[in-house]
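Asks: Sequence:
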Amino acid sequence: MWPNARPERVVLLCHGYGEHIGRYEHVAAVLVADGATVYGPDHVGHGRSAGERVVIADYEAVVDDLHLVAARAQAENAGLPMVLIGHSMGGTIATRYAQRHGSDLAGLVLSGPVLGQFAAIEQMLALAEIPDVPIDISTLSRDPAVGAAYAADELVWHGPFRRPTLLAWQRVLRDIAAAPPLGDLPVLWVHGADDTLVPLVDSRGGIEGLGATRLVERIYPGARHEVFNETNADEVLAEVTAFVKRVAG
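Residue 198 in UniProt numbering sits at position 198 of the sequence shown, with consecutive numbering throughout.
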């Protein structure tokens with residue numbers, strides 16, 4: 001949690017696969033400076049949370065966990081509007097949360113979200129054994145310091161994908177695609193045009209299927225997967241804070 005002495009709104013952060021919420025310290029700091037109090041858990045099997053490393057057997061249970069955090073945030077900040085921000089796998093989780101608990105939210109921000117057809121899942125599940133190949137850190141950001149910090153972070157998972165997690169991810173993507181539309185919930189979608197981890201074309205299909213009538217999209221030329229850690233991160237964070245303030249002002 002990143003508290004604010006006089007909060008005007010609540011923001012809930014939802015991190016991506018293999019990482020942890022500590023990588024969002026700078027995002028939280030910007031949001032707090034702009035009037036928010038910020039909450040964010042480490043998902044099961046991630047960071048400092050319990051569970052077998054990066055094993056998620058059921059994404060609906062992760063949504064349940066996030067709902068508990070949201071309930072605490074709402075209890076501690078009664079009456080304040082809440083915005084949910086999800087990155088990558090966190091975008092999958094945040095989208096499913098919005099489908100199930102949209103009445104909790106004043107807005108939804110999706111950063112490089114895994115939605116629609118995520119070919120990497122299908123490709124890995126087709127293999128008899130998932131290879132133990134670390135992520136190419138150059139795909140994260142144009143700033144080499146970002147990749148170096150990621151590689152040195154002991155709370156980041158540097159091993160192979162786990163089959164139960166991929167199967168559960170596959171299921172929740174199908175459930176998201178089959179769910180009713182988000183309707184008039186304000187949604188901001190930010191994505192790097194040169195994202196090779198979660199290709200723009202794949203996410204676009206998933207975004208279009210959400211039925212969000214108040215969707216704003218921002219695609220950043222040259223940016224890679226982690227737009228909050230990109231060389232134009234100040235621009236991205238300004239866009240996000242402006243959206244958060246607008247929908248939860």
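Watch out, some of these pointers could steer you wrong.
Below, computed lysine to aspartate or glutamate pairings styled on DMTMM-like, alpha-carbon distance capped at 25 Å [said to hold, decoys possible]:
1) Lys245 to Asp58
2) Lys245 to Glu217
3) Lys245 to Asp184
In short, the hints are calculated from the structure, not lab data.
Since we're looking at a predicted model, the values are computed, not measured.
Asks: Each hint needs a verdict: does it hold in this structure or not?
Replies: Against the structure, the hints come out as follows:
no. : hint             : in the structure
1   : Lys245 to Asp58  : 33 Å, violated
2   : Lys245 to Glu217 : 17 Å, holds
3   : Lys245 to Asp184 : 17 Å, holds
Taken one by one, the earlier hints fail for this structure only at number 1.
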